[in-house]
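S.K.: Just so you know, the protein sequences line up as chains A and B, in that order. First residue of the first sequence? That's 536 in this note's numbering, and the numbers climb one at a time after it. First residue of the second sequence? That's 3 in this note's numbering, and the numbers climb one at a time after it.
Don't read these hints as lab results, they were simulated from the structure.
With a cut-off of at most 30 Å between alpha-carbon atoms, the simulated DSSO-like pairs for lysine-lysine come out as follows: (1) B/K21 x B/K38; (2) A/K557 x B/K42; (3) A/K584 x B/K54; (4) B/K38 x A/K584; (5) A/K604 x B/K43.
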Amino acid sequence: AQSVAQPEDQVNVAEGNPLTVKCTYSVSGNPYLFWYVQYPNRGLQFLLKYITGDNLVKGSYGFEAEFNKSQTSFHLKKPSALVSDSALYFCAVRTGDYGQNFVFGPGTRLSVLP
Amino acid sequence: ETGVTQTPRHLVMGMTNKKSLKCEQHLGHNAMYWYKQSAKKPLELMFVYNFKEQTENNSVPSRFSPECPNSSHLFLHLHTLQPEDSALYLCASSQTPGGNYGYTFGSGTRLTVV
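With the rest of the complex left out, here is chain B (with noise of 0.2 Å):
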């Protein structure tokens, strides 16, 4: 475990339907991402959460909503996807706003959109 724990580690869902993805660390890290990867293309920098408020949104549709409750936890909410947003989508943190330091990834969350 790298101490960045996302939940589900799998989850199929309806283009109708609405689901949550979770993030959480225990690290004292003060920045959290959302990273989308899908298959033959780039890690994609969703969103940035510095000191739990949102720093960055790369464009990203409306579909893909984030939340930071506070800086150990941070949801991705889902609803009405499309098939093209099925991939693996990974939460990271860092010590420090950019990551002086490194990330610490978690193991991700595998989406299906069916």
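In isolation and in its complexed conformation, chain A is listed as follows (with noise of 0.2 Å):
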């Protein structure tokens, strides 16, 4: 079975320092691996994803996150956040078989502090 964790209920940051959020993932094959953000009253929108390739992927806002399979990570990231980065950001994992559907982690509410 597939599933998702996101340790952290809440992250706090500083603007202009660095943020992560952690995700950890489990699945029975290869794992295509998505982060989406959700600000407040809105759908949930694509920032990257990672299905091959290099580990370090780029995506929407100045976001990166690195594939780890040897500790089955996913952790997003951000050289120097911004207080409108506030929202909440989900992690979400399925495999490549066909007809397999997303699982989302709980979600991470991350606050940047002015």
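Make the complex out of the two chains shown on their own, each in a separate frame, by following the hints.
M.R.: Now the structure itself:
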């Protein structure tokens, strides 16, 4: 069975500091990994994905994530946080098997303090 | 706009009412999904439609009835709901079943059952 864990409900960081939002996963097979962001009263917006290739993937708004197979992790990072990055972040995983659906993590609320 | 449009954005209904949520995408995607997002709970996958055929019903109560007349439109018919059904209902679509390239989400319908 597929599962995703986001160990932190809340992450607080000062503006200008680097941020990390953690994600670990469990799948049988090769993972397809995604990060989504949700602003208040909005749907989820795609940030970035890893399917194959370089372990470090770059996405929207200056975010990046590193796929670590040995640690089964896909942490989201940004070198310098902005107040506007404050939102709810979801990690999601699926395998490449036909018909498999996404499994979303519980979400991590990021607060960037001015 | 993401290309997935949900209407209405907000809905207040009594427990004896019948209402419908609408989702529309013109991205040429072949799969559509309904998710429920409640406060303090993970995203819950409700229904999956691939090429207009329902392929998944995650033990959703029969007071929620989906309809997919074509690949571009998805409805969620609601009747005799309970207050605990109050939530943000998100529609998503993907190019391929399961979403190898990710999902595109609508902005959601905020449902309040009184």
